[in-house]
Amino acid sequence: MSVSHLRSFAILASLLASFANAKAEEPVLNVYNWSDYVAKDTLERFTKETGIKVKYDVYDSNEVLDTKLMTGKSGYDLVFPSATPFFAQQVKAGAYLKLDKKKLPNAVGLDKMVMANLTRSDPGNEYGLPYMMAATGIGYNVEKVKSLLPDSPIGSWKMLFQPAVLEKLKSCGVSLLDTPTEVIPAMLAYQKRNPVSENPEDLDAAVAELISLRKYYKYIHSSKYINDLANGEICVALGYAGDLVQARARGKEGKKKQEIAIFIPKEGAEVNIDVMAIPKDAKHPENAHRFIDFLLRPDVIADITNETGYANAVLASSKFIAPEIKSDPVIYPPAESQAKLFTMPVASKDYERSRARAWTKFRTAKK
Amino acid sequence: MKQSRFPLSLLMFGYAFLYAPIALLVLYSFNESRLVAVWSGLSLRWYGELFKDERFLEAAWLSFQVAAISATLALLLGTLAALSFDRNRRFWGRSMFGFLLNVPLVLPDVVIGLALLLAFVEAGKAIGWPAERGMSTIVIAHATIATSYVVVVVRARLSDLDRSLEEAALDLGARPFAVFTSVTLPLLTPALLAGWLLAFTLSLDDVVVAQFVTGPGATTLPMEIFSSMRLGVSPKINALGTLLAAAAAAAVWIAWRLQCRRR
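The listed protein sequences correspond, in order, to chains V and H.
Take 1375 as the starting number for the first sequence in my numbering and just add one per residue.
Take 1473 as the starting number for the second sequence in my numbering and just add one per residue.
None of these hints come from the bench; they were simulated from the model.
In this text, all values refer to a predicted model and were calculated from it rather than measured experimentally.
A few of these clues could be false.
As the list claims (entries may be wrong) - Covered, in the sense of this in silico footprint (three residues per stretch, anywhere, with C-beta under 8 Å from a C-beta of chain V), are these stretches of chain H: (1) 1579-1591; (2) 1685-1693.
As the list claims (entries may be wrong) - The calculated lysine-lysine pairs, modelled on BS3-like cross-linking and capped at a C-alpha distance of 30 Å, are: (3) K1654(V) x K1524(H); (4) K1427(V) x K1597(H); (5) K1597(H) x K1714(V).
For each residue, glycine too, the CB sits at the ideal point set by N, CA and C.
Could you put the whole structure together from the sequences, leaning on the hints where they help?
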């Protein structure tokens, strides 16, 4: 047999094998996701259309998902990790299957800006597509801020970082998140520097300014602010959109009604994207592709946004989204802020170390 | 002599410390409001919502099955282990085996969970089982942990047991197996019940180990609850907690009644 014969035989065999594979895939899909992270009828609709039964299991932290993926043979066909740092590291570790874009015609409707942001975790957008996203923002007590500082710079990081503003608002309580990966980029955006810079000079400048402001912050904590904002204990907080929305709802229903408003600063804020990706050893990759494409359909993903209150990246979905969600500046920030949303790249080991050191210096600085 | 109020108030404080949170949970499960800690009126709304939520019910049913099966397995293994320790005072490595049985009591769940996960993955590669993790692997994991607890409970009871009763039965001509079923086992029943219930509750509220060893199609109730926290705590969980507390109380009460009747 000649070489060319051999080659065509091999091609034929592999074709046959792939055909057999595609055909042999049983109509089952094992999804691993957060609880309540799809609309009530999403899975049912998909099953009705395709005949594929979806097993939907839930995890309560990215770490658990990470452990499963890294030990291998997780048994899941589709997972929803956070873009940074988890998805990025998992891509580097080779945990995922390359997506077949031909099987995902709806992916063309994705926001180019979000896709560009995702390339920080996944160069070339080869392994994952954006599912839902939420930004880091500022929540504030409308009444208290108005009475202390009538012309406060709402919509800007100045609310959190300008000494003149903080001087006034200090008395009612200002808080920061206890994570350098949220606060330092925010400070850099306020200083009109590159928020994702790894330049040591930028880091020094940001931390120096933060230290000079340390006396104005009531505390630095990553979850306490949710209740405190709702109760009126503090009046300005840096927080995650999802948590701030909770604080807003609690404030409304509490005994002492507190009106909480939220904005995403116009100078640029960090956005957290949850990604859809297929583990490398998935048993039903074909079905997973079909489900991803189904989720990217404008009407399907709009339902999910309406129910969960997280923004999606499918542009055409906007006409199906409830007006109160579309007009909510936390979920869909105004164009000006939206254009400046950024995701964090995975930092180099060196930078991570110096950032951690700088953060400790700030945390322990004299009040 | 007038009795001091101090011990009584201390006792009350102790019980309040134990039961006030549960009472609050029960109270708030009948709350109308969507917010977990804000009272707005009496209602059964969240019980209705709970029974409409298929995922919660499915998870609850799975948790119940896992707990029942793993507790039974643990009871079987644990009782056998306790008996062999009690009856064989001298055998090679006795103290080492005793020590090894106690290790799971003090080992952190994360360590056990990760170890079992790795074991299951390697076993799957080597012998093809388990091909897929799921309910069976959670049952095995929970039985492994709970066995140690059963051993502790049953051994304690065995050491108090009056051996002369068994010897008397033997003297009167009973065969060893008959002695075991008609003398030893009835005497052990309270410990067996306690051991089973302990294993059952341990399995029911474990999330860390289950999280590691679970697979597609097997989400237990605690996993579902923890994952739903991301979107805030729903009052449905209060309703569910109330039902679970009621079921646990009923089980303990039944066990207690059974014991009373025996006396």
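Structure-based check of all given hints:
A stretch counts as covered by a chain when three or more of its residues have a beta carbon under 8 Å from one of that chain; for the region 1579-1591 of chain H and chain V the count is 3, and the coverage holds. Residues of the region 1685-1693 of chain H lying with their CB closer than 8 Å to a CB of chain V number 6, which satisfies the three-residue condition for coverage. A threshold of 30 Å between alpha carbons decides the hint, and for K1654(V) with K1524(H) the separation of about 36 Å lies outside it, so the pair is violated. With a CA separation close to 27 Å, the supplied pair K1427(V) and K1597(H) stays within the 30 Å bound.
A distance of roughly 48 Å separates the Cα atoms of K1597(H) and K1714(V); the hinted pair therefore is violated under the 30 Å criterion.
When the structure is compared with the earlier hints, violations turn up for hints 3 and 5 and for no others.
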